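Here our numbering is used: the first residue of the sequence shown is 1, the next is one more, and so on.
Since the hints were made in silico from the structure, they are not lab data.
In this text, all values refer to a predicted model and were calculated from it rather than measured experimentally.
Wrong hints could be hidden among the right ones.
Cross-link-like lysine-lysine pairs, in silico, DSS-like; alpha carbons within 25 Å at most [said to hold, decoys possible]: (1) K103 <-> K25; (2) K110 <-> K24; (3) K103 <-> K24.
Restraint-style ranges between C-beta atoms, simulated for each label pair [as the list claims (entries may be wrong)]: (4) E106 <-> L82: 20 to 28 Å; (5) E61 <-> G83: 17 to 25 Å; (6) D40 <-> E66: 15 to 23 Å; (7) L62 <-> D90: 23 to 31 Å; (8) D70 <-> K110: 25 to 33 Å; (9) Q31 <-> G85: 21 to 29 Å; (10) R69 <-> C16: 19 to 27 Å.
Glycine residues also receive a C-beta, built at the ideal position from the N, C-alpha and C atoms.
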Amino acid sequence: MNSGIENNNRNSIKYCPITFDSAKKMFTYLQDVGDLYSPDERIYVFNYSESGALAVYRICELRAKELSRDSKKTDEYWGAFLGPGGSIYDVPGEQCGVDYAMKFCEDWYKSEWYDTRDYADLSYIKNI
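With the hints as extra help, turn the sequences into a complete structure.
Set out below in structure tokens:
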């Protein structure tokens with residue numbers, strides 16, 4: 001299993017799907033390394049705030065290719081091209097105490113993910 005997190009070196013996992021051994025490793029990747037996209041699940045997720053909240057969008061593969069192209073041209077992250085329509089998974093606060101960001105990772109860490117910075121090259125190579 002390739003957790004993509006052992007040394008936080010994204011170059012060692014370029015073009016390979018990333019799978020995580022735990023929700024915590026997925027969360028750490030999102031906080032410290034980069035944004036993720038799962039073509040199978042059609043989910044794009046990225047770190048939304050310094051407090052650890054995650055933003056999640058449902059993105060089809062065609063839209064992912066467009067976002068990849070635009071991102072590569074402008075050196076922006078995919079989220080810069082998206083407006084309202086995503087979901088925010090917050091971290092525990094004084095009022096709720098539920099770690100929704102970690103809950104998202106618990107639900108999805110076993111899926112195959114790609115770092116969005118590599119997805120443009122991957123989609124070109126595989127012509128997806």
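Cross-check of the supplied hints:
Taking the CA atoms of K103 and K25, the gap is about 13 Å. The hint holds against a cut of 25 Å. Taking the CA atoms of K110 and K24, the gap is near 12 Å; set against the 25 Å cutoff, the hint holds. Using a Cα cut-off of 25 Å, the hinted pair K103 and K24 holds, with the two alpha carbons roughly 10 Å apart. Restraint check, E106 to L82: a C-beta distance of roughly 24 Å satisfies the suggested window 20 to 28 Å.
The hinted range of 17 to 25 Å is satisfied by E61 and G83, whose Cβ atoms lie roughly 20 Å apart. For D40 paired with E66, a C-beta distance near 19 Å keeps the hint of 15 to 23 Å intact. For L62 and D90, the Cβ-Cβ distance of about 30 Å falls inside the hinted range of 23 to 31 Å, so the restraint holds. A C-beta distance of roughly 29 Å is found between D70 and K110, which places it inside the suggested range of 25 to 33 Å.
As the Cβ distance of Q31 to G85 is approximately 23 Å, the hint placing it in 21 to 29 Å holds. Distance hint check: the CB atoms of R69 and C16 are about 21 Å apart, consistent with the given range 19 to 27 Å.
Hint check: no violations occur; every hint is consistent with the structure.
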